[in-house]
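Quick note, the sequences are listed as chains E and A, same order. So the first sequence is numbered by my numbering: it starts at 5 and just counts up by one. So the second sequence is numbered by my numbering: it starts at 2 and just counts up by one.
Treat the hints as calculated values from the structure; they're not laboratory data. Hints are all accurate, no fakes.
Computed footprint of chain A on chain E; a stretch qualifies when at least three of its residues, placed anywhere within it, have a C-beta under 8 Å from a C-beta of chain A:
1. 10–22
2. 27–36
Computed spacing ranges between beta-carbons, pair by pair:
3. Arg46/E with Val31/A: 33 to 41 Å
4. Ile49/A with Asp42/E: 16 to 24 Å
5. Ile49/A with Asn54/E: 36 to 44 Å
6. Ile49/A with Ser6/E: 35 to 43 Å
7. Gly25/E with Leu19/A: 21 to 29 Å
8. Phe50/A with Asn54/E: 32 to 40 Å
9. Ile49/A with Asp70/E: 56 to 64 Å
Every residue, glycine too, gets a C-beta built ideally from N, C-alpha and C.
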Amino acid sequence: MSTLTKVLIVLLTIASIFLCGIVVTYVANADNYKQKYDNQQRILQAAKRNEDNAKTQLNTTIEEKDRDAEKLGQQIASLEEQISKLQSDLATAQRDKDDANRKVNNWAAIVMDFSKTLENYEKLVKNALAERDLKEAELIKRDKELKDTSAALMENMAIVKQLRDESKRLLEEKTELQNKLDQYLQQFGKAIAEPIPVTPEEGAVSLAPPTKDIELHGSITEVDLKNLLAEVSIGTADGVREGMRFHLTRDNQFICDVVILDVWPERAVGWIELLQDQPQNQPRVNDKVSTNL
Amino acid sequence: MSPVLQSRGKKITAADNLYTVILAVAFLAVLATGVFVAYQCYTQYDTIFTIQ
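Same shape as in the complex, but just chain E:
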């Protein structure tokens, strides 16, 4: 074997080993593109799926947005309708407010006039109260005079009653003497002449005026049996006059008579006559009086 062949063999071997080392190193360090491709493919598929999901969600969101927009449109229309209605109500309320303000102003003017009128009435009331106080003082004075007059009247009435009893007794004595004289003169065939009073007899008590024409009804408000006085619930305002005779009854039973002595507009006081002795037939408060039985 020639030397050249040997040298070539050695060089071939060295070159082969060197190249094989380079190839092994390169292959060992080369990237796995298939694996990278698979990874990128999976990433791409995932991205496509995400895209599809995003599109689906987008469509869903768009549909929801459309529905919401439609609902909002309906709500806006309803609210606009309510706004128009409220505006009309506001206008009506404004008119009512203006009317109420005018009424308030009118009432304020009326109240001011009324206040002035009230002040005038207060002045009148004060004057009337002062006048009433004067009248009351005068009335008290008159009442006192009336009590004095009544007391004097009672005394006079007692005297009159006493004189009437004496007159009755004298009349009875006169009648008895007249009878005796008649009997005595009849024995001699004579008759006594009718005595003529020297002075015409004046009635101690004047007769009451006829009351048959009118018919008054009232009741007893106060009774004073000690002084034989009674107060009647009617007066001059009802037509009662002094000297009128009232018949006092209770349950259709006659009790006594009341002859009016003094009269006021709303009441009258009278003298009790024909008083009965039984206690149950004594006059009481609320017994009925009338001019006619």
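Using the hints, position chain A against chain E.
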């Protein structure tokens, strides 16, 4: 390269078998490299030559 020539006293040279062994080593290195490259291609691409 016969033993006769070596016994005659000429200069000593390596036997021819040595170069055969060197060539064998080179061949084995190339073969191992080819097997390694094929293994790598099969494991990474599931094929040796074709491209899918």
